[in-house]
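There are 2 protein chains.
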Amino acid sequence: MAVGTLRFQSACTRFTSYAPAIGQRRFSPTLPLYRQSLHLAASFSCNAAQQQVQTSKEKQQKQETPPLQKAQKKGQQEGVTPRSQDFNMWYLDVIAAAELADYGPVRGTMVIRPYGYAIWEAIQSYLDAKFKETGHSNMYFPQFIPYSFIEKEASHVEGFSPELAVVTIGGGKELEEKLVVRPTSETIVNHMFTQWIHSYRDLPLKINQWVNVTRWEMRTKPFVRTLEFLWQEGHTGHATEEEAEEEALQLIEVYRKFAFDEAAIPVVVGRKSRLETFAGAVRTYTIEAMMGDRKALQAGTSHNLGQNFSRAFDTQFLDSQGEQQFIWQTSWAISTRMVGGVIMTHGDDMGLMLPPKLAPVQVIIIPIWKTDEEKETVLSAAVSVESLLKKEGVRTKLDASDQRTPGWKFNFWEMKGVPLRIEIGPRDVANNTVVVSRRDVPGKSGKMFGISMDPAELQSFIKSKLQEVQDNLLNIALAFRDSNIEDVGSFEELKAAITAGKWARGPWAGSDADETKIKEETGATIRCFPFEQPPHSGRCFMTENAAKEVAIFAKSY
Amino acid sequence: MAVGTLRFQSACTRFTSYAPAIGQRRFSPTLPLYRQSLHLAASFSCNAAQQQVQTSKEKQQKQETPPLQKAQKKGQQEGVTPRSQDFNMWYLDVIAAAELADYGPVRGTMVIRPYGYAIWEAIQSYLDAKFKETGHSNMYFPQFIPYSFIEKEASHVEGFSPELAVVTIGGGKELEEKLVVRPTSETIVNHMFTQWIHSYRDLPLKINQWVNVTRWEMRTKPFVRTLEFLWQEGHTGHATEEEAEEEALQLIEVYRKFAFDEAAIPVVVGRKSRLETFAGAVRTYTIEAMMGDRKALQAGTSHNLGQNFSRAFDTQFLDSQGEQQFIWQTSWAISTRMVGGVIMTHGDDMGLMLPPKLAPVQVIIIPIWKTDEEKETVLSAAVSVESLLKKEGVRTKLDASDQRTPGWKFNFWEMKGVPLRIEIGPRDVANNTVVVSRRDVPGKSGKMFGISMDPAELQSFIKSKLQEVQDNLLNIALAFRDSNIEDVGSFEELKAAITAGKWARGPWAGSDADETKIKEETGATIRCFPFEQPPHSGRCFMTENAAKEVAIFAKSY
Chain A
1 MAVGTLRFQS ACTRFTSYAP AIGQRRFSPT LPLYRQSLHL AASFSCNAAQ
51 QQVQTSKEKQ QKQETPPLQK AQKKGQQEGV TPRSQDFNMW YLDVIAAAEL
101 ADYGPVRGTM VIRPYGYAIW EAIQSYLDAK FKETGHSNMY FPQFIPYSFI
151 EKEASHVEGF SPELAVVTIG GGKELEEKLV VRPTSETIVN HMFTQWIHSY
201 RDLPLKINQW VNVTRWEMRT KPFVRTLEFL WQEGHTGHAT EEEAEEEALQ
251 LIEVYRKFAF DEAAIPVVVG RKSRLETFAG AVRTYTIEAM MGDRKALQAG
301 TSHNLGQNFS RAFDTQFLDS QGEQQFIWQT SWAISTRMVG GVIMTHGDDM
351 GLMLPPKLAP VQVIIIPIWK TDEEKETVLS AAVSVESLLK KEGVRTKLDA
401 SDQRTPGWKF NFWEMKGVPL RIEIGPRDVA NNTVVVSRRD VPGKSGKMFG
451 ISMDPAELQS FIKSKLQEVQ DNLLNIALAF RDSNIEDVGS FEELKAAITA
501 GKWARGPWAG SDADETKIKE ETGATIRCFP FEQPPHSGRC FMTENAAKEV
551 AIFAKSY
Chain B
1 MAVGTLRFQS ACTRFTSYAP AIGQRRFSPT LPLYRQSLHL AASFSCNAAQ
51 QQVQTSKEKQ QKQETPPLQK AQKKGQQEGV TPRSQDFNMW YLDVIAAAEL
101 ADYGPVRGTM VIRPYGYAIW EAIQSYLDAK FKETGHSNMY FPQFIPYSFI
151 EKEASHVEGF SPELAVVTIG GGKELEEKLV VRPTSETIVN HMFTQWIHSY
201 RDLPLKINQW VNVTRWEMRT KPFVRTLEFL WQEGHTGHAT EEEAEEEALQ
251 LIEVYRKFAF DEAAIPVVVG RKSRLETFAG AVRTYTIEAM MGDRKALQAG
301 TSHNLGQNFS RAFDTQFLDS QGEQQFIWQT SWAISTRMVG GVIMTHGDDM
351 GLMLPPKLAP VQVIIIPIWK TDEEKETVLS AAVSVESLLK KEGVRTKLDA
401 SDQRTPGWKF NFWEMKGVPL RIEIGPRDVA NNTVVVSRRD VPGKSGKMFG
451 ISMDPAELQS FIKSKLQEVQ DNLLNIALAF RDSNIEDVGS FEELKAAITA
501 GKWARGPWAG SDADETKIKE ETGATIRCFP FEQPPHSGRC FMTENAAKEV
551 AIFAKSY
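Residue numbers (the UniProt record's numbering), protein chains in the order written: chain A, 1 to 557; chain B, 1 to 557.
Excised from the complex, chain A in its bound form (with noise of 0.2 Å):
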């Protein structure tokens, strides 16, 4: 049963517990390039039960290098894994290549390094203005739970009791009572509620945190699924079904448009099935893109709770007629799992693209020159480029450093997946005008040459152009995802569909049962029943029975 935003598996076909071994950090000169990449990729998608299995020889290896540090170099200066070639590997080399992550010494956990983390804080920085815009206030509740707390709520027990990390000894002594590491807060956000909440006058209740939660989980995968990530709950109290109800399809729409609006990322918004509502919802709303391998990646979730946990937790009110009521309850959350989704989403064969609005760095700077002279006309124009966009508040950097070639530059910033670069030579600053060249069209046609350096010409370009990147990225997103969406009148065409990499679309009312036997025949699972209902034939294509809307299929993350 699906009980959040990163709880699916994925395919897991290699594993080595590589733990690096500290001070031992150098490259081994007899290991081929092609074995270290690979076991490079090996590293991060790994399945605990087969941790036992380790020849002697992987063993060895695992003690020459730590194969992230590796990958970081050879993708920095050999060029990444092409997509092309090898989607797992692609991935997890941009990671490293790119400086988004590094893996922590514990299994499973994850160092979000600078280039990633200020992805992370662009995400933040617009939900979080968007959920105060909607009421919401911070807070924050400890994230250790008493084991007792996790308990009371049936299906939640059953959801999350296999995955947690437990803490029994506080201060050197055995604890009396396990205290939980908060997997998400549902439980004590109710236990808090119950105390704060007594009439329909404090209702709504409306508050979120940013915090750190672990998921103990088996098979791992840089942003995807880790056992500690970082994320956002919201947590909402209620004096009526229908206020709820509100409240969950209003933040379902508040990350749609994020993904549209921000990550360019097409989302398909819809209802989970049964056996995918969370782990405690009466339903669950969910966010499903499509990344490049055409596998799907639940990007964020909102929940209609109804009275499940306030009963359990006993979080009743005096509504306005003077009778006790249980309230009625939200949740919602996003992860850092969106960095991978972005990851996945627009990256080509040379590595990260990046949308605009998240980009850390949204234009690159590149001075060429030959002789000291040109340097320092070509050095200062670039630097009044810079101050000039920065004060424009574009993010902008300057790579001014002389130990690597222009070429070079150009390479490592592609693969960095920066949306614009401008490049200043001795012509372009006898000229007034640089060159701009768009990450996202490859090659020359995604050159503009001649562009004015006056400042207000300048800027302006550059505002449109990012603009124009952002909206090209969607598009050629959506584009991709409408065409590998295939409407299905038959289990048939489904397997058939699902087998061809595509998600498949066909209207719905099968069993639970029937759901379990399209997973297990074919790995995929129903993603969501999308609001945006196609025109479709009224009968389930597996049972016949009268189907009254369409669910989406997809083998997922």
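If chains are identical, the list can't say which one is meant, so a pair holds when it fits in one copy or spans any two.
When the alpha-carbon atoms are kept at most 20 Å apart in a straight line, the in silico PhoX-like pairs for lysine-lysine are as follows:
{"#": "1", "residue 1": "K391", "residue 2": "K130"}
{"#": "2", "residue 1": "K397", "residue 2": "K132"}
{"#": "3", "residue 1": "K390", "residue 2": "K130"}
{"#": "4", "residue 1": "K206", "residue 2": "K397"}
{"#": "5", "residue 1": "K390", "residue 2": "K132"}
{"#": "6", "residue 1": "K130", "residue 2": "K397"}
{"#": "7", "residue 1": "K132", "residue 2": "K391"}
Quick caveat, the hints were computed from the structure, so don't treat them as lab data.
Given the coordinates of chain A, assemble chain B onto it according to the supplied hints.
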């Protein structure tokens, strides 16, 4: 030994191991309010050694009502315990009544409520910008640290091992290696630095993270010392000792400036004594704040770590001469403890008094009407004043509810520490004026009548008054601090000063044993060797040895 921001012992005289029973949250009409309030105060300041001693009467009281909810209601309706009467109880009353925090279900944990969290957000917003301006990047390290890491640096393990929370179960299984929930991140940071840093070109490496940390404290007090708290921790690596020292000094200056300019807390900046230095540091710089009860609060620290961690973790780089060298490091932190410092510096008998720069609500607007007709005109004027000020970036709130009298609202928002109040009645509307009251100037002298409602005039008036309140709070605290530091020339004089509740300042060249003796006999510790050294005799007041500098002694939180 002191090992960080939240380490010093607080006085602890009362205790109740209260754990709220779910659903039992109503008032007990049989328990006098005075007792209920005592009961509340007791519940926060707890000593684990006393946990065993608990009378059945206390147990019975526990069942009746969660004390903080009671104090919240009492404080909001009858006012908080006056500060002049009982500082500790006032502190807890204010936290409850102003809804700054609540305690979590696990002993010593704290829920930070929206009004308290908004103060923390204001602190974050200022500091985060300063860290970025000075070249630091945010990132995220996992919170689970292999137990073996903690043991690598000798004094670090000695300082931290008594207060660790330890995860021993993950995903339902006993873990092979126990995991520490981070009490601070030097060890895991060094583990990663060792992998990222190869040459002098990789230095300096300057990062920061905003995270939760856990220390199994026995005596807790909301904000001041809690089992889990929020902080930022900066970590840097440098090629030279001088650069690391400069960095440590630069950051303590960032903290000093923050304390003065934003929190209006006139901290004393200085160097810690050897005994009070962070576990693992060569040198610790500190900002020490004088609370309203004249106890010292260590409000932020910056550590020069030397090569202690780089040697323990083998973090080396190739210098420009091609030699392997250990890096030089710093770390520095400010935590949610600062919120406690703000409360205890500026509050008065009425409750909280917030410096405008950190106040979640800077201006509260209270409309006053009798008839429905008056209500309409008054509210319409109040709404335009509100939207004017909000547009100008002033954090403004309009309390338009008709369930409370204006008098009740005056008291409530005074207790919440809002710097400025705007009153608007029918006569004000007729005159196109408002009445403005300052929180920091009690009674009629703080009231300013006939302030024009003209947008340009009003917004500039409000802004300048907010700055006046900000400056006045700092000046009051500064005068208070300076009148409570006494220069001492002998141990006897020190004892007298400490007994009188003051800070003692005198030339010091004593040994660790001498320092310990003072602590044992007076309860005071060396807070710091202040950067601003007054003229002094040059003879240690304790040992008569030649003394180069004065130290400040005080009792502390």
